[in-house]
Every structure is written in structure tokens, then in C-alpha cells.
Amino acid sequence: MSQRFQITRAAELESLQVFRDFIAECCARHAIPNEIVFDLKLAVDEACTNIIQHGYRGMDPGSIILALRFEPDRILVQITDFGHVFEPDDAPMPDVTAALEEREVGGLGLFLIYQTMDNIDYQASDDGNTLTFTKLYRA
Amino acid sequence: MFKRLRLSLEPKKTAPTAEGISISQFIGDASLPVTLKALNSLPINPKMRLYRTLIPIQVLAAFDINPRTWQNPDKQPQVRLLAEEGSDRVKISAWQGDNPENEFFYLELADNPYNGIDLNFLVANDPASPKFHTDLDDQGRATLFGTVHRNLSEEERAMRAGLAPGQVREGLRCSQIVFTHIETFLTLLAHHAITLEPLTYASAWIFERRGFAYARGHQLMDSIQREFQPGGELHKALDGSTAFRQPEQWKTVRGRAWAIHDGILDVIDRKWDNLKMIKQVGRQAGVNTCPDAQY
Numbered sequence: 001m002s003q004r005f006q007i008t009r010a011a012e013l014e015s016l017q018v019f020r021d022f023i024a025e026c027c028a029r030h031a032i033p034n035e036i037v038f039d040l041k042l043a044v045d046e047a048c049t050n051i052i053q054h055g056y057r058g059m060d061p062g063s064i065i066l067a068l069r070f071e072p073d074r075i076l077v078q079i080t081d082f083g084h085v086f087e088p089d090d091a092p093m094p095d096v097t098a099a100l101e102e103r104e105v106g107g108l109g110l111f112l113i114y115q116t117m118d119n120i121d122y123q124a125s126d127d128g129n130t131l132t133f134t135k136l137y138r139a
Numbered sequence: 001m002f003k004r005l006r007l008s009l010e011p012k013k014t015a016p017t018a019e020g021i022s023i024s025q026f027i028g029d030a031s032l033p034v035t036l037k038a039l040n041s042l043p044i045n046p047k048m049r050l051y052r053t054l055i056p057i058q059v060l061a062a063f064d065i066n067p068r069t070w071q072n073p074d075k076q077p078q079v080r081l082l083a084e085e086g087s088d089r090v091k092i093s094a095w096q097g098d099n100p101e102n103e104f105f106y107l108e109l110a111d112n113p114y115n116g117i118d119l120n121f122l123v124a125n126d127p128a129s130p131k132f133h134t135d136l137d138d139q140g141r142a143t144l145f146g147t148v149h150r151n152l153s154e155e156e157r158a159m160r161a162g163l164a165p166g167q168v169r170e171g172l173r174c175s176q177i178v179f180t181h182i183e184t185f186l187t188l189l190a191h192h193a194i195t196l197e198p199l200t201y202a203s204a205w206i207f208e209r210r211g212f213a214y215a216r217g218h219q220l221m222d223s224i225q226r227e228f229q230p231g232g233e234l235h236k237a238l239d240g241s242t243a244f245r246q247p248e249q250w251k252t253v254r255g256r257a258w259a260i261h262d263g264i265l266d267v268i269d270r271k272w273d274n275l276k277m278i279k280q281v282g283r284q285a286g287v288n289t290c291p292d293a294q295y
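Going down the list, the protein sequences come from chains A and B.
Quick note: the first sequence, position 57, residue 57 per this note's numbering, numbers continuous.
Quick note: the second sequence, position 294, residue 294 per this note's numbering, numbers continuous.
For the record, the hints were derived by calculation from the structure and aren't laboratory data.
Some clues are possibly wrong.
Claimed, not checked - Here are some, though not all, of the chain A residues that point toward chain B, as calculated from beta-carbon distances under 10 Å:
no.	residue
1	16
2	60
3	71
4	72
5	126
6	128
Note that the coordinates shown come from a computational prediction; the quantities given were computed from them, not determined experimentally.
C-beta atoms are modelled at their ideal positions from N, C-alpha and C, and glycine is treated no differently.
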């Protein structure tokens, strides 16, 4: 049986620590291994930073809704915001093997999400923009 | 899924733009959102059947109004529906007695530029409670909820009687059930959300409790909460300089709302404007920017 937790905070950098603590608290209730908790915090941090810095750009920041759903073999993370829509872009992922001076600025946040999460989905509709990712684990 | 960030600054349209809708279209794809403008193109009777869901039967029953006919026991009409063909909005008002201007309920929904639906107005007043003429200034001009002109003496009386800015009478305390009905109506039209701009701090607080999140202004609400705490700039500005800036007002939602209505946000270089709230159908955002609040 799944269990869902949710928290809503303003899209500002100060909220990131609140989200990290929330993830830690929810995961503790489900005895989730530390390395999974670390990955979740990292992915949520990167996704929310994008929303704060880009999604609400030029606007008085609105809300970010973070929801976690715990299932027997996976954790579903859903992040909803009401800012600008991120459009799909076919640009290549950053080349992390390149020399430091040859790398493009930015783009690592999403790379980290791809590296740490198992399934990623993004939907933009009239009721907000929702980024969903799944982390599989063995209980 | 995106690989790199690229922002679209123009939201996509929620529903297709349509001048009208036929019954066959209406009973077609039930997942396709329908605009109010399209709904308004229907003949009056099917239109009425749909819009009737917007007024809670409990509210009508409290005033002895038949929810099916919208008439009182004397067969007098007590509800008015304005949803003309070609219009992109619906207005519903209900009153008690002979004077339609003496409304106790007024609801206005409108299509927004992206074919989503905005809640423009929701007024639910207790007609038996005393009326405060905060809606007109001392020269008889409409104050537009105190946003254009103010009637300071009436506002002070209203505040002392326990009203919030923008109210002319005590509320009916029915917003929860009204929003349940609005959500049912939105679902009927296959919309996923409703948006609004809160008129006052007190109304934003109520909408938070009804499950709304902020599309704009969540950070402002957090700043207001922080600055009204002892030692904060707004707390310091409750200096008794006007009737609406008394020291104890920081403790209550209404007290803060009156101070904000009085322009106190100037001290933190902010204004009460440009806030936008959104309610996702079937979801509670759980926002609470004023924890442990007394109304």
C-alpha cells in the first residue's frame, strides 16, 4: 500500500532546506537507505533550484508543491509549480568528461537528475507544471 | 522531458477557442475542456441546467429559495443568471425580498486569455447583518472595494464590527461548500484548475484554507508573515498613526488585512497587487503562510 506526503512552500532558495528536511523525515518513516535519501535530496534540490531561478523568472514567486509517494519498491516524487513552462529541447547532455575549460556553463542540474533517478516525466498544463521522477529501491 | 532549460513565456491554451458549441459537440469528447463562451452559446435551458450547479442548494435553502426554479414560495424569482451568447463570462446573483440589488450571493466566472477559468468575484453576505457603506465614499462614488476611493469612517466602523476589508456585511461562511460546487462545475467542463486574484490579505488566507496555492505572491505572503512578527518592519509600523495601524493588529488575519488595506506594505517597499492563486481540482495545496492564525 502506498503512502503520500506533501509540502508546499514559496519558490525561494530558503525553501530548499525545508524540502531536504521533509524528504529526510518522510524517508525515515519508511526506513529508506541513506544513499537513496541522498539521491532524492540531490534531485529535488536541482529541480527546485531550476524552478526558483528560471521557472518564476520575472514574476513574484509563487508556490512549489513537493509530493512524495512511497510504494513497496519505489518512491515517486512530484514537483509542481505555476511558473513559466520548460520546453523540451533536444540539445545534448553536458559532456562531463570534457576538460573544465571546454565545458558549457550550466546544465549539470538536469544531468544529475538523470543520473540519480530512474524515470523522469514532465507535464505542463493549465493546473501547473509537474515534474515527476521515480527512484527504485530494494526494501 | 526536457534535457536543457528553455522557457516558454506564453502559456499554452487550456481549451480550444470556439465561438460556440453544439449539443452533439458537447456530448462528444468529455475530456476536452469547454470554455464559458462556448457554454454560453447553448440554448437557455441546457445552459441553466449546467450553471445551476454553481449555487449550493444549502445556501438557497437557507433563504427559502427553490434550487430548481430559483423562486421563493411566492413564485418570485430570486436568482439571476447572466450568461449571454457571445459573452465569455457567467454572473449569478441571488437576493432575498423584492430588490435584486440587495444581493446576498454573487459569483462571477470568466474565461481567461488562455481559455482557463478565472474566479472574478465571490460575495456571500448575510443580509440580516448590519450593512456598512464601505462600497461608496462620502461623495457617493463607488470605492471598488476600497481600491479606488475609501470611506474611512465606514471602514473603521466595519473593522470594529469584525469585518475584513472589502466586506459590506458579515459573510455567510459558506466558502467551503461554494468551492466544492465550483470544482464540480469545473469537472463538468473538464477543466483542471481555477485561478483568482485575492482582493485582500484576509481573502488570500481563506483561499489558502480552501486548497489554493500561489502562482504569484507566495514569497510576498511569507514576507508579510515574517515582518508582522515582533521586531519586524510591519510590526514596527503598527504605530497607532491611523485607526487601521493599531499595535495589536499583527496577531490577527483581519488586523493585518486592514493594515495592508491602509497601505502599510509601503514600509517594506511592496504593494498588495499582482498576486495570483490557483486551485487544482481535487487537490489541496496545503499552503499556510500564517500558521496559528486567529482570524
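Which numbered hints are broken by the structure, listed smallest first? 1, 3 and 4
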